[in-house]
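Residue numbers (our numbering): 14 to 70.
Errors might be hidden in some of the hints.
Claimed, not checked - Below, a list of computed lysine to any residue pairs in the SDA-like style, where the Cα atoms sit at most 20 Å apart: (1) Lys-62 to Glu-34; (2) Lys-62 to Asp-16; (3) Lys-21 to Asn-37; (4) Lys-41 to Leu-31; (5) Lys-41 to Asn-26; (6) Lys-59 to Leu-48; (7) Lys-62 to Met-35; (8) Lys-62 to Ala-52; (9) Lys-21 to Ala-52; (10) Lys-59 to Lys-41; (11) Lys-62 to Ala-44.
Note that these hints are calculated values from the structure, not bench results.
Keep in mind the model is a prediction, meaning the values are calculated, not measured.
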Amino acid sequence: MTDDDASKDDFFNRIGLLAEEMSNAHGKDFAMGVLILAARFLAEGKPLKRSSEGEAS
């Protein structure tokens, strides 16, 4: 396995844990919606994080 493959596996595992945590806290539909919106925002080049008031975006 290359370093790149290992890095991708690590990210996939982290996303899986986060999805499981969101699903347990707020339900499967919420977790799926968040992941779908994140993918859409990435595809459209939109920021994934809301900027706080007074914070530069």
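The hints, checked one at a time:
{"no.": "1", "hint": "Lys-62 to Glu-34", "verdict": "holds, 19 Å"}
{"no.": "2", "hint": "Lys-62 to Asp-16", "verdict": "violated, 28 Å"}
{"no.": "3", "hint": "Lys-21 to Asn-37", "verdict": "violated, 24 Å"}
{"no.": "4", "hint": "Lys-41 to Leu-31", "verdict": "holds, 12 Å"}
{"no.": "5", "hint": "Lys-41 to Asn-26", "verdict": "holds, 18 Å"}
{"no.": "6", "hint": "Lys-59 to Leu-48", "verdict": "holds, 14 Å"}
{"no.": "7", "hint": "Lys-62 to Met-35", "verdict": "holds, 17 Å"}
{"no.": "8", "hint": "Lys-62 to Ala-52", "verdict": "holds, 13 Å"}
{"no.": "9", "hint": "Lys-21 to Ala-52", "verdict": "holds, 16 Å"}
{"no.": "10", "hint": "Lys-59 to Lys-41", "verdict": "violated, 24 Å"}
{"no.": "11", "hint": "Lys-62 to Ala-44", "verdict": "holds, 16 Å"}
Checked against the numbered hints given earlier, this structure breaks hints 2, 3 and 10; the rest are met.
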